[in-house]
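Undergrad: Here is how the chains run, residue by residue.
Number of protein chains: 2
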Amino acid sequence: MAHISIIGSGNMGQAISGLVAKGGHTVELVGSADGGTAVTGDIVVLAVPYPKVAEVIAERGAQLAGKVVVDITNPLNFETFDGLTVPADGSAAAEIAAALPGSTVLKAFNTNFAGTLVAGSVGGAPTTVLIAGDDADAKALLAGVVGAAGLRAVDAGGLNRARELESIGFLQITLAAGEKVSWTGGFAVAQ
Amino acid sequence: MAHISIIGSGNMGQAISGLVAKGGHTVELVGSADGGTAVTGDIVVLAVPYPKVAEVIAERGAQLAGKVVVDITNPLNFETFDGLTVPADGSAAAEIAAALPGSTVLKAFNTNFAGTLVAGSVGGAPTTVLIAGDDADAKALLAGVVGAAGLRAVDAGGLNRARELESIGFLQITLAAGEKVSWTGGFAVAQ
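As you go down the protein sequences, you meet chains A and B in turn.
End of the first sequence sits at 190 in numbering that gives the first Met the number 0; the numbers just go up one at a time, nothing left out.
End of the second sequence sits at 190 in numbering that gives the first Met the number 0; the numbers just go up one at a time, nothing left out.
Treat the hints with care, as some may be off.
[To be verified] Okay, the calculated bits of chain A under chain B, using three or more residues with CB under 8 angstroms as the criterion:
(1) 58 to 70
(2) 102 to 113
[What the hints assert, rightly or not] Selected chain B positions facing chain A (Cβ under 8 angstroms, derived; list incomplete):
(3) E27
(4) V85
(5) D88
(6) G119
(7) V121
(8) G123
(9) A148
(10) R151
(11) V153
(12) R160
(13) I172
(14) A175
(15) W182
(16) F186
(17) A189
(18) Q190
[What the hints assert, rightly or not] Within a straight-line C-alpha distance of at most 30 angstroms, the following computed BS3-like cross-link-like pairs (lysine-lysine) qualify:
(19) K66(A) to K51(B)
(20) K21(A) to K66(B)
(21) K66(B) to K51(A)
(22) K21(B) to K51(B)
(23) K51(B) to K66(B)
(24) K66(A) to K179(A)
(25) K179(A) to K179(B)
(26) K66(A) to K51(A)
(27) K21(B) to K66(B)
(28) K51(A) to K51(B)
(29) K21(A) to K51(A)
(30) K179(B) to K66(B)
(31) K21(A) to K66(A)
Think of the hints as simulated: they come from the structure by calculation, not from any bench.
The structure displayed is predicted, hence computed values, not measured ones.
Don't be surprised by glycine CBs; every beta carbon is placed ideally from N, CA and C.
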């Protein structure tokens, strides 16, 4: 059984917390302001908006060493709503991995709206969590947690594929904001 | 009724040709080597691999002036299979638009596998064609052609969103090549 810590109790933190518990794994949900309490999970999900991640890392970087850290962010430029705040050839995940050299960083959940994680389906198909990362064991561990909740996990490749996952997350948010898809819809993955 | 020319008679050219005809519009399918025959369509689909596009533009650039030109390419680096051959902050569509200043360039179909255009569905949902471009009338014209064939068209934003569409196309190809999804599956868009 995996033990998961989730930092950030917004929509996404709550939704991921729910699916972890649904799959029979244990979860602790920690408010992002609660920096004093050390996280205990083998997997730690950073479920805070991208601009808050640096703060979490500053407070908890040492705690995160040796752990699998899951980046779920979409680093949108919310002023222009027309691009990302990370380098064009990089990703939020790459920035986080550089800031946490002692952790194993995965990108996941950023292409899933919270509602599709709660529902377990999108457009009639099981919700698929795309996971990118350079460590196969860490990806398998997270995929097991996702699968236990009845969702599908797909290995999207190395951590450099986070760039594409963040493009998908960004486009999906613009489509929902423009009412082209609903916040319970968006991209599904057909096998 | 729209009249569409398709340059390139591979899988994608044939699939798009089929859906145009299915929707009751007229289509001419032109081999990419047939440079001598002027295209007659109001919409011209460049259904050749990205490395061939420059050749088509060199031969036909003047013919394409005043027309809606649809770029369907995924400019993968087929040597590394690990990135695109266009600038990280750009897109194939942006390169094509720069090379064809007299044409109205749209990005479309690059996130659809040919099989899903033929079937009209992916994962049980109607196949959705994401269209990016800066000209609303041109997008509406193409969306009408797509819709007439029973597929769904979604306006994905300005031509700068081609960057994200090319990220999706790239990731989808790597997922299919890695047997994570089939060539008749991939990304579906749930409303």
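Undergrad: Identify whether the interface hint at R151(B) stands, where standing means a beta carbon of chain A within less than 8 angstroms of its own.
TA: 10 angstroms, violated
Undergrad: For K179(A) and K179(B), compute the direct alpha-carbon distance and say whether it is at most 30 angstroms.
TA: 27 angstroms, holds
Undergrad: Given the hint that K21(A) pairs with K66(A), test it: the Cα-Cα distance must not exceed 30 angstroms.
TA: 22 angstroms, holds
Undergrad: Hey, does the R160(B) contact hint survive, CB to chain A under 8 angstroms?
TA: Since chain A brings a Cβ to about 7 angstroms from R160(B), closer than 8 angstroms, the hint holds.
Undergrad: Using Cβ atoms only, decide whether D88(B) comes closer than 8 angstroms to chain A, and label the hint accordingly.
TA: 4 angstroms, holds
Undergrad: Identify whether the interface hint at V85(B) stands, where standing means a beta carbon of chain A within less than 8 angstroms of its own.
TA: With a closest approach of 11 angstroms, the V85(B) hint is violated.
Undergrad: A175(B) was flagged as interface toward chain A. Is the shortest Cβ-Cβ separation under 8 angstroms?
TA: 10 angstroms, violated
Undergrad: Would the hint linking K179(B) and K66(B) be met if the CA-CA limit is 30 angstroms?
TA: 38 angstroms, violated
Undergrad: Measure nothing beyond the straight line between the CA atoms of K66(B) and K51(A); if it is 30 angstroms or shorter, mark the hint as holding.
TA: The given pair, whose Cα atoms are some 47 angstroms apart, is violated under the 30 angstroms limit.
Undergrad: According to a criterion of three or more residues whose C-beta lies within less than 8 angstroms of a C-beta of chain B, is the segment 58 to 70 of chain A covered?
TA: Violated, because only 0 residues of the segment 58 to 70 of chain A bring their Cβ atoms closer than 8 angstroms to Cβ atoms of chain B.
Undergrad: Holds or violated: K21(B) with K51(B), Cα cutoff 30 angstroms?
TA: Satisfied, since the Cα-Cα distance of roughly 28 angstroms is no more than 30 angstroms.
Undergrad: Sort out whether K51(A) lies within 30 angstroms of K66(A), counting only the CA atoms.
TA: Measuring from Cα to Cα gives roughly 20 angstroms; hence the hint holds.
In summary, the structure is inconsistent with hints 1, 2, 3, 4, 6, 9, 10, 13, 14, 15, 19, 20, 21, 24, 28, 30 from the numbered list given earlier, while agreeing with the others.
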